[in-house]
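Heads up, the numbering used here is the position in the sequence shown plus 47, with the first residue counted as 1.
Rather than coming from a laboratory, the hints here were simulated on the basis of the structure. Every residue, glycine too, gets a C-beta built ideally from N, C-alpha and C. Any given hint could be a false lead.
Distance condition first, Cα-Cα at most 25 Å in a straight line; then the derived SDA-like pairs of lysine to any residue [claimed, not checked]: (1) Lys102 <-> Leu122; (2) Lys329 <-> Asn92; (3) Lys329 <-> Leu157; (4) Lys256 <-> Ser316; (5) Lys74 <-> Phe99; (6) Lys222 <-> Arg307; (7) Lys329 <-> Leu133; (8) Lys74 <-> Glu143; (9) Lys301 <-> Leu280; (10) Lys222 <-> Arg114; (11) Lys74 <-> Arg114; (12) Lys222 <-> Asp239; (13) Lys229 <-> Leu280; (14) Lys329 <-> Leu116; (15) Lys329 <-> Leu54; (16) Lys301 <-> Lys329; (17) Lys256 <-> Glu300; (18) Lys229 <-> Glu163; (19) Lys74 <-> Asp49; (20) Lys58 <-> Glu163; (21) Lys74 <-> Leu133; (22) Lys102 <-> Glu65; (23) Lys257 <-> Leu273; (24) Lys229 <-> Phe212; (25) Lys229 <-> Leu133; (26) Lys74 <-> Asp302; (27) Lys256 <-> Glu215; (28) Lys257 <-> Lys301.
FRET-style restraints, in silico, Cβ to Cβ [as the list claims (entries may be wrong)]: (29) Val247 <-> Ser324: 23 to 33 Å; (30) Pro105 <-> Glu143: 38 to 48 Å; (31) His190 <-> Ser81: 38 to 48 Å; (32) Leu133 <-> Phe77: 18 to 28 Å; (33) Glu100 <-> Thr79: 35 to 45 Å; (34) Ser81 <-> Asp174: 40 to 50 Å; (35) Phe154 <-> Leu122: 45 to 55 Å.
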Amino acid sequence: MDSFIELRHLKTLLALEETGSVSLAAKRVFLTQSALSHQIRALENYYDTPLFERKSTPFRFTPAGMRLLQLAHDLLPQVAAAERDLAQIIEGEAGELRVAVECHTCFDWLMPAMGEFRPLWPQVELDIVSGFHADPVGLLLQHRADIAIVSEAEPQTGITYFPLFSYEMVGICAKDHPLAAKQVWQAEDFADETLITYPVPDDMLDLLKKVLLPRGINPQRRHSELTIAIIQLVASRRGVAALPYWTVMPYLEKDYVIARPITADGLRSELYAAMRSEDAGKSYLDNFCQIVRDRSFADLEGLSVLEMKN
Numbered sequence: 048m049d050s051f052i053e054l055r056h057l058k059t060l061l062a063l064e065e066t067g068s069v070s071l072a073a074k075r076v077f078l079t080q081s082a083l084s085h086q087i088r089a090l091e092n093y094y095d096t097p098l099f100e101r102k103s104t105p106f107r108f109t110p111a112g113m114r115l116l117q118l119a120h121d122l123l124p125q126v127a128a129a130e131r132d133l134a135q136i137i138e139g140e141a142g143e144l145r146v147a148v149e150c151h152t153c154f155d156w157l158m159p160a161m162g163e164f165r166p167l168w169p170q171v172e173l174d175i176v177s178g179f180h181a182d183p184v185g186l187l188l189q190h191r192a193d194i195a196i197v198s199e200a201e202p203q204t205g206i207t208y209f210p211l212f213s214y215e216m217v218g219i220c221a222k223d224h225p226l227a228a229k230q231v232w233q234a235e236d237f238a239d240e241t242l243i244t245y246p247v248p249d250d251m252l253d254l255l256k257k258v259l260l261p262r263g264i265n266p267q268r269r270h271s272e273l274t275i276a277i278i279q280l281v282a283s284r285r286g287v288a289a290l291p292y293w294t295v296m297p298y299l300e301k302d303y304v305i306a307r308p309i310t311a312d313g314l315r316s317e318l319y320a321a322m323r324s325e326d327a328g329k330s331y332l333d334n335f336c337q338i339v340r341d342r343s344f345a346d347l348e349g350l351s352v353l354e355m356k357n
């Protein structure tokens with residue numbers, strides 16, 4: 048019997064489940080909101096039944112929608128496994144994947160992704176290039192790394208970028224700090240504060256690069272290598288900081304610090320996986336990037352989809 052259901056329908060349903068939003072799901076599967084809505088309506092018209100309750104909050108599937116969602120959970124992993132098997136048959140199973148990072152908070156999501164990748168590609172030697180690197184793309188060109196996690200997709204000969212996600216940066220302060228009374232922080236609010244940051248150049252800190260320095264604001268600094276140390280310094284009123292929301296959230300839940308948006312539009316940062324263009328077709332590299340992206344969206348709060356760039 049021919050089936051109306053296609054893999055793209057199942058991927059759309061999974062995106063709807065994971066995001067709880069038609070608009071966010073559309074971005075996740077790289078469709079316009081109207082195109083995604085058309086997909087859902089086509090399924091509903093074909094089976095003559097709704098798949099989810101449009102006025103429910105939170106987002107809720109109907110029994111028919113849940114049955115198709117179960118199919119998506121069962122079938123899509125099998126398809127992905129078959130594609131990996133084909134790639135290993137065609138390209139071979141062995142390889143080397145050395146990851147370099149320029150992001151101090153990357154390990155919050157990188158380690159779980161590596162743990163998921165290893166059993167899928169047991170013959171690929173997976174490792175992290177030791178230490179923090181201010182120029183991880185340079186390591187790619189020197190063949191000292193195979194993937195670099197970077198904050199900008201700067202066009203460079205021989206380098207291809209895979210967009211991972213964008214994320215929200217929030218300002219944090221102690222609960223009894225005067226800035227805790229403000230619901231949104233502006234650039235001027237940092238002028239007389241001590242800004243606690245990682246010990247990296249200013250052009251690697253989006254708060255400085257995108258918000259403060261363009262306004263001529265260059266606050267006093269204090270540095271720490273460790274995220275937990277930055278949180279502790281902030282909690283004891285030694286200064287303020289700007290960190291990814293996913294990093295701060297556990298400490299907000301414990302009521303250690305206060306978090307606020309930075310500017311009315313919010314401050315967003317981006318992460319990309321860079322690789323040598325000659326290696327861009329290697330299935331295990333592509334699969335690693337996809338696992339990182341999918342696992343991050345499943346585990347972290349405040350992420351948004353990035354468009355593909357080359």
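Going down the list of hints, with the structure as the test:
no.	hint	result
1	Lys102 <-> Leu122	violated (29 Å)
2	Lys329 <-> Asn92	violated (40 Å)
3	Lys329 <-> Leu157	holds (20 Å)
4	Lys256 <-> Ser316	holds (11 Å)
5	Lys74 <-> Phe99	holds (19 Å)
6	Lys222 <-> Arg307	holds (11 Å)
7	Lys329 <-> Leu133	holds (12 Å)
8	Lys74 <-> Glu143	violated (32 Å)
9	Lys301 <-> Leu280	holds (16 Å)
10	Lys222 <-> Arg114	violated (46 Å)
11	Lys74 <-> Arg114	holds (24 Å)
12	Lys222 <-> Asp239	holds (18 Å)
13	Lys229 <-> Leu280	holds (20 Å)
14	Lys329 <-> Leu116	violated (31 Å)
15	Lys329 <-> Leu54	holds (23 Å)
16	Lys301 <-> Lys329	violated (43 Å)
17	Lys256 <-> Glu300	violated (29 Å)
18	Lys229 <-> Glu163	violated (41 Å)
19	Lys74 <-> Asp49	violated (30 Å)
20	Lys58 <-> Glu163	holds (20 Å)
21	Lys74 <-> Leu133	violated (28 Å)
22	Lys102 <-> Glu65	holds (18 Å)
23	Lys257 <-> Leu273	holds (23 Å)
24	Lys229 <-> Phe212	violated (28 Å)
25	Lys229 <-> Leu133	violated (55 Å)
26	Lys74 <-> Asp302	violated (33 Å)
27	Lys256 <-> Glu215	holds (15 Å)
28	Lys257 <-> Lys301	violated (30 Å)
29	Val247 <-> Ser324: 23 to 33 Å	holds (27 Å)
30	Pro105 <-> Glu143: 38 to 48 Å	holds (44 Å)
31	His190 <-> Ser81: 38 to 48 Å	holds (45 Å)
32	Leu133 <-> Phe77: 18 to 28 Å	holds (23 Å)
33	Glu100 <-> Thr79: 35 to 45 Å	violated (23 Å)
34	Ser81 <-> Asp174: 40 to 50 Å	holds (44 Å)
35	Phe154 <-> Leu122: 45 to 55 Å	violated (33 Å)
The structure does not agree with the numbered hints 1, 2, 8, 10, 14, 16, 17, 18, 19, 21, 24, 25, 26, 28, 33 and 35 stated previously, though it agrees with the rest.
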